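Letter by letter, the chains look like this.
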Amino acid sequence: MKKQKINITIDGIKLAVDEQCSILDAAKKVNIHIPTLCHHEDLCVAGNCRICVVEVEGQRALSASCATPVAEGMVIKTNTAKVRKARKDVAALLVAEHNTQCTTCYRSMNCELQEIAAEYNVDNNTYISLVDPNYTIDRSSWSIEKDDSKCIRCQRCVRTCAELQHVNALTVANKGKEMKISTFLDLPLNEVVCTNCGQCINRCPTGALTERRFYDDLWDAIDDPKKHVVMNTAPSVRVALGEMLGYPVGTRVTGKMVTAMKKIGMDSVLDTDFTADLTIIEEGTELLGRLKKILVEGNKEVKLPMLTSCSPGWIKFIEHMYPNHLGHLSTCKSPQQMFGALAKTYYAEKMGIDPADVVSVAIMPCAAKKFEANRPEMNSSGYQDVDAGLTTRELGYMIRQAGVDFLHLEDSDYDSLMGESTGAGAIFGATGGVMEAALRTVYEVVTGREVPFDNLRITPVRGTDGVKEASIKLENLLDEWKFLEGVEVKVAVAHGLKNARIIMDQVEAGTSPYHFIEVMACPGGCIGGGGQPIPTNEEIRKKRIEAIYAEDEGMPKRKSHENTEVQKLYKEWLGEVNGHKAHELLHTHYTKRNRY
Amino acid sequence: MAPSNGLKRVDVIFGAYASTKYLILQKSIRREKQEIIQDIIDSGLRGRGGAGFPTGLKWKFAAAQPGNEKYVICNADEGEPGTFKDREILMKVPQKMISGMAICAYVIGATKAYIYLRGEYQFMVPDLQMELDNFHEQAREMNFDLTIELRMGSGAYVCGEETALIESMEGKRGEPRNKPPFPVVEGFHGKPTVVNNVETFVNANMICRIGVEEFIKLGTQDSRGSKLFSISGDTPKAGVHELELGMKLSDFVAEFGDDDTKAVQVGGAAGFCVPRKKFDSTIIGFEGMPTGGSMMLFNSSRSMYHVLHNYLEFFEEESCGQCTPCRVGCQQLLLGIEAIKRQERPASYLNQLLKLSETMKIASKCGLGQSVANSFSSIVENYVEEMIY
Ligand SMILES: Cc1cc2nc3c(=O)[nH]c(=O)nc-3n(C[C@H](O)[C@H](O)[C@H](O)COP(=O)(O)O)c2cc1C
Ligand code: SF4
Ligand code: SF4
Ligand code: SF4
Ligand code: SF4
Ligand code: FES
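Quick mapping for you: the protein sequence lines, in order, are chains A and B.
First residue of the first sequence? That's 46 in this note's numbering, and the numbers climb one at a time after it.
First residue of the second sequence? That's -14 in this note's numbering, and the numbers climb one at a time after it.
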């Protein structure tokens, strides 16, 4: 059936658009800019900020262009005195309600309210300020900072938490002038179901929601000559950092990022991809171990499907929402935590540094990593394994503060030890990447052959579908793995906690058909993490994903088990894979939490 | 100016007919649905909840929607300050309202209907439930498939707005939705839904009883029928009175005033304030000044500043708070008139506030924010001196 087209006129331009297209989207098609605040491409329509109003011929009131579908013959005007005055008034009202502190605000120059207020040249004194002089900021969470005095009540955060994450940690409370964004019983963020994923931050148009910042602590450590600062950068940071420093979306800035960090004064710049490879070895072995226990030993205690455990937002989610199914989680720590544990043991020993002087810092695409670093159990090195988890955004700030001319930097390589990585580690940054890396290794371990996919691209687990599935038949296996002969390994990949729920409801119902499932808390995986440059949308996430796979294909080695530094780690220090020492340092346990 | 029909008392809403046997319904469900819809259209009946949308058209749209899951909702939230006429209907002639709802369900093809009852009317629940039980019994005997359920309101004024009402019935926060889509297309649970006021259903039932011809003898060309008025304030005759629509406000004041009436607030907080000098030129009806029924009289002892102040306090609190013009605008209007009174802002700031109320009127998301300007500008413009000094 041919889709019906709707004929409309916008500012004198005639065009035909699809049914259900909003006026806003129609205007975009003819390059007419309409300001928006509550609208976000990833979320359902709210229509509450009213900055996007336009005039529709024949109607007394203005229409919110984001929330109004086109109709046949509609004549729309986006630039009339009535429209401009109303928009300016709306902006002025928001400013009157807003604790305007642009000179000191973390979101300054990256703030949608600031941009609109500037565009309409709003006068701060038009209306009476509504800011409560006794306002407080919720800094209870390790990850998320909530400053209601900068909130414009657009509800993007509420919609993010509900629609994309199915967490509902944030809600709208009260009405009228008391209306605000709140939590269950107005409890502080660290006492509610918040997973620390930071997706709300990425969609907040203002500085009302930000990550807790720790970069000043890091500057202190750098400036302290006694401290040895070891930095590791997550796979997805290198494909997004450039956005903050003058590069187009999807640019890989790996070499420049390493140079910049060295210039800033880090003592050693290493790669989280190294522990990503290590995770694959540990987790892949754990999976094979579980399969063996079930198939050969008939052990009923062992849980399948096994669930990945590298996304701390996902971990907190399952701890809250499915506390009786924690046995399905791989016991492997995330690459960040493995790195921290090794930095203060293996690395310190090999480099001859007192572990007490090692400051281990992770640069992450993530807000939840901050909470994870501060989990009480994360101290297997005898110290807090990871001293600080910083976001991509914080690193961007540090580079700017250091006066580094990022655009004109030469490239450099990661330092060693723990700086080597493979393409398999790199793709951890995109949804499906952990699964792909695991399959590349596990399949080869049991068959002695490479995965049967063109150029190692396991395409069924790639892409931005919410839940992806794949299966591989295991045939002609090596002797040691004959018990798996003929088994069709079924895997699934979910990203965004909404999709994690789909997967977990199956697990809970006992109907999950899979052996192994990768879950990432954030839409798109880490490239869409809560610590990544703002804004985010499907197009941006896709470009970052492309960059990740390009990074993979540019690597000389693309399978985790080929990482020679990892091999050396086991041979010289760690001993057996999944062995005693590995368990002590690289594995963890989980905590049951309440559903509210 | 349209001719007024003077002040005429009538007694059809509470009067005469109230059958426990639902005879009008029995008669109606043997008629063609289109015929009933046409009658309602021809009667010129317009919604009695305030907005005045033609009822026949609303039913026609809903009837034309595909699918067999549709709903009828009776809006008995009655939250407008100074309005208490639905309460009388609910207590005295609930059968007429229920019958109207059932006829509506029949013509649009709904088998489920709800009465969304103002929280404060909890005390009526036993009686209403008894009448509903009777209705269900009668309906069974007629072989007419309709269940009517009572739902309690949440106590928020905005939940009287039809889409907020639906959200609240769905267990969500009572926030108005974007329109379009209108409830007749996507209402309760996303299905076609007719939301009408209590009195509107009573009128629809009446039209089915007395016929279009009799009905249009009441009122004027543009304002057919009679209307229940909730009369309050400085009047010796406070209470609910049924009058034909289309009268001059001066006739109304002559009957209900206390000889010192300074202003009449027509339509509650969301309505307009008419000063004495305009009584003679104001028609109460859709051709002039429509009202959901609230008529509040003020005599010369009243400070219009305080009247306005009260309304703004009400709006500031009752706004659902989701949209900028209404949430922030209500607070600014209130703070603004206070600041002028205290001489912290110049008198000219009133102009800024009037402009703001205009923005609220055209840019707010729902009728609440859009109507604040009605009382604000009509009071400010007519009583500037009371605002400043
Ligand atoms: C803030 C607000 C409050 C309202 N409260 C009521 C109410 O209490 N009762 C009512 O019937 N309509 C109320 N309405 C109007 C309804 O939205 C709707 O138009 C009406 O129920 C339709 O019925 P009618 O066509 O029979 O009048 C309110 C509208 C607004 C904007
Ligand atoms: S949130 Fe935006 S407008 Fe507000 S202080 Fe920060 S930068 Fe300025
Ligand atoms: S961090 Fe994630 S879980 Fe927490 S409130 Fe924000 S979106 Fe919800
Ligand atoms: S916290 Fe941010 S996203 Fe949430 S309502 Fe406030 S401004 Fe909008
Ligand atoms: S106009 Fe007021 S009541 Fe209506 S949606 Fe906006 S804030 Fe809510
Ligand atoms: S962007 Fe359209 S109402 Fe907010």
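Keep in mind that the hints were calculated from the coordinates and are not lab data.
These numbers were taken from a predicted model, which means no experiment stands behind them.
All residues carry an ideal CB built from backbone N, CA and C; glycine is no exception.
There may be inaccurate statements among the hints.
What the hints assert, rightly or not - Covered stretches of chain A (in silico footprint by chain B; criterion: 3 or more residues with CB under 8 Å from a CB of chain B, positions within the stretch not fixed):
1. 135 to 144
2. 222 to 228
3. 474 to 487
Stated by the list, open to error - Lysine to any residue pairs mimicking SDA-like chemistry, simulated, CA-CA at most 25 Å apart:
4. B/K164 with A/V490
5. A/K73 with A/K130
6. B/K164 with A/D70
Numbers of unmet hints, in rising order: 3 and 4
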